[in-house]
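**Student:** Chain by chain, the residues run as shown.
Protein chains: 2
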Amino acid sequence: MRIGLDIGGTKVLAVAIDGDPTKPIAVHRAPTVPDADHLSDTIESLVRGIEAELGETAHAVGVGIAGLVDRSGTLWFAPNIPGVTAYPVRDELSRRLDRPVAVENDATTATWAEAKVGAGEGSDHVVMVSLGTGIGAAYVLDGRLYRGWNGFAGESGHMVVDRNGPRHHTGERGPWELFASGTALGVLAREAAADGRASALVARAGSVDGIDASHIEAAVLDEDAQMLAILDEFAHEVGLGVANLVHILDPEVVVVGGGLVDLGDALIDPVRRWTAAHVLGGDLRPAVRIDAARLGSRAAAIGAAMLAGGG
Amino acid sequence: MRIGLDIGGTKVLAVAIDGDPTKPIAVHRAPTVPDADHLSDTIESLVRGIEAELGETAHAVGVGIAGLVDRSGTLWFAPNIPGVTAYPVRDELSRRLDRPVAVENDATTATWAEAKVGAGEGSDHVVMVSLGTGIGAAYVLDGRLYRGWNGFAGESGHMVVDRNGPRHHTGERGPWELFASGTALGVLAREAAADGRASALVARAGSVDGIDASHIEAAVLDEDAQMLAILDEFAHEVGLGVANLVHILDPEVVVVGGGLVDLGDALIDPVRRWTAAHVLGGDLRPAVRIDAARLGSRAAAIGAAMLAGGG
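Here the protein sequences come in this chain order: C and L.
Quick note on the numbering used here: the first sequence kicks off at 175 and runs consecutively.
Quick note on the numbering used here: the second sequence kicks off at 175 and runs consecutively.
Derived by calculation from the structure, the hints in this document are not laboratory data.
Take the hints with a grain of salt, since some may be wrong.
[Claimed, not checked] Take a look, some chain C residues computed to stay more than 12 Å from chain L by CB distance:
no., residue
1, 203
2, 210
3, 229
4, 254
5, 406
6, 463
[Said to hold, decoys possible] Listed next, with one range per pair, are the computed distances between beta-carbon atoms:
no., chain 1, residue 1, chain 2, residue 2, range
7, C, 451, L, 204, 35 to 45 Å
8, C, 386, L, 439, 48 to 58 Å
9, L, 460, C, 365, 31 to 41 Å
10, L, 316, C, 455, 24 to 34 Å
Just so you know, these numbers come straight off a predicted model, no measurement behind them.
Backbone N, C-alpha and C fix where the C-beta goes; we use that ideal spot for every residue, glycine too.
So here's chain C without its partners, still in its complex pose (with noise of 0.2 Å):
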């Protein structure tokens, strides 16, 4: 029995798995508490707790952590926790729990979940991009988990591709994640209904600034037209940059993950062919595969169940 932890920005979620990882066999939460020690206690905690119910200790844990983990397993920056700097996650935990534990960013084990068992199984070349608040994205190369020189590979939310665009909230010019984040979803509702072009949306919210995830939700749901026109402005953004990745590392499947997935084909059939359109050479090359995630909300922790003990 391994367990596995996703330290997200307002809470952590603890899985067990024994056999099958995408069935689960405990699942704890607890809210984060944005400081160091309390973070460890908090994870300690749902360690033991689960442990108490299964009434069995797990050999490995690992843990997955939304911030830029390097490959020693120490935190050091997360924007959501920001009380936590420079923060041998690792070593405490190893050190409090006496066994093995894995520690890396949140894209990252939920990328070894979606790859291994998830919507890029079988495949031994799977990038997955996590649509959300910015763009987290990690790989499955050659079968092997890549992390990079440091552990900070997959920052691919930050790779420019309007150099001449609007400035990021980081002082970059036109990063992906400016336009095909969830956030980004959000601002091109706002836009297009400020214009007159979302007034189904409109009615829904209240107000153009009132337009949030539920309604885009609901709208894409009813088929509302307008409502899939800015889907589909905001897939191109999606499809450019995922063509990007295509070029630079040839994977066989892209896996689309974070909240957005849960608008379905509807999202994933325009990224599809907009993805298609941007790559070059399509008539020389087989087709990438794109799909949504498959593990939803439980990938993160899931995947750093995997990881735990050495994957």
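Model the placement of chain L on the given structure of chain C, informed by the hints.
**Tutor:** Chain L in isolation, oriented as in the chain C frame:
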């Protein structure tokens, strides 16, 4: 003794290595004949010529080709050898030579050589970008050559960096190689000259349209201020794309290759500066090392020889 060949658009270079790969024990050349059977004839006769000179049989042969080569060693398309398509180079040469033959893209073989015995020596995470007619790229990741699912990884020159920018001959808007290839530097210099911002270049070349790589190199060596301003603008384009690759792949070393490397530190220094300006979190990560390729025009042939017989 192993033999490596670099198949370019106009000539084929063959080297034999034994011991130190950077010191070939034989170097032969022949013109490229743009026809599949003649190409194999040329390769076979270069191999047999070297073997006759050395009085020794190569135990394996490697080939690097400027084109789309898949993992089975089939050349699908080579922009500068239009007469050769969908040609199983590896199978044909294995049959003729009756020994192991490795066939790869030339940027891939050059990268292997630079990563192992050139500018990337000692690092397991090397990205090489070759600035020539277009931009070729290849990667050594976790110490291994990365080829991609089909063998087509490294088409980084087609990464879009200006989604609303000018169209490339491929039809794509704003791919990196439109701004940062050797070709692009020539365009930039002629544009500056037409605007009256490159008087020394015009004086050397006799006309704006006459400006070519030789005039650019001479003006750089002269430290002509107008030329160095153009080169800085060009280095910014290079650095922007290199920073994208750093965000995506987190390499330790980026090797800059291609004919432009003759410009030396006048090019590499501003590329270092602009890359650093575009990489986020520079205070949280060790700086990527950016160096000029060290093996010169023989890198692709040397790397092909090194990859022959299993690397």
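**Student:** Find the nearest Cβ of chain L to the Cβ of residue 406 of chain C and say whether that gap is larger than 12 Å.
**Tutor:** Holds, since 16 Å exceeds 12 Å.
**Student:** Quick check: does the Cβ-Cβ distance between residue 451 of chain C and residue 204 of chain L fall within 35 to 45 Å?
**Tutor:** This hint holds: roughly 41 Å between Cβ atoms.
**Student:** Taking the shortest Cβ-to-Cβ distance between residue 203 of chain C and chain L, state whether it exceeds 12 Å.
**Tutor:** Holds, because the least Cβ-Cβ distance between residue 203 of chain C and chain L comes to about 30 Å, which exceeds 12 Å.
**Student:** Are residue 460 of chain L and residue 365 of chain C spaced within 31 to 41 Å by their CB atoms?
**Tutor:** holds, 39 Å
**Student:** Compute the least Cβ-Cβ separation between residue 229 of chain C and chain L, then decide whether it is above 12 Å.
**Tutor:** Nearest chain L Cβ is 39 Å from residue 229 of chain C, so the label holds.
**Student:** When you look at the beta carbon of residue 254 of chain C, is every beta carbon of chain L farther off than 12 Å?
**Tutor:** The claim stands: residue 254 of chain C keeps its Cβ more than 12 Å from every Cβ of chain L (closest is about 16 Å).
**Student:** Closest CB-CB distance from residue 210 of chain C to chain L, is it above 12 Å?
**Tutor:** holds, 16 Å
**Student:** Taking the shortest Cβ-to-Cβ distance between residue 463 of chain C and chain L, state whether it exceeds 12 Å.
**Tutor:** violated, 10 Å
**Student:** That 24 to 34 Å hint for residue 316 of chain L and residue 455 of chain C (C-beta), does it hold up?
**Tutor:** Since residue 316 of chain L and residue 455 of chain C have Cβ atoms about 27 Å apart, the given range 24 to 34 Å holds.
**Student:** Could one say that the CB atoms of residue 386 of chain C and residue 439 of chain L fall in the range 48 to 58 Å?
**Tutor:** holds, 52 Å
In this structure, only the earlier hint numbered 6 is contradicted, and the remaining ones agree with it.
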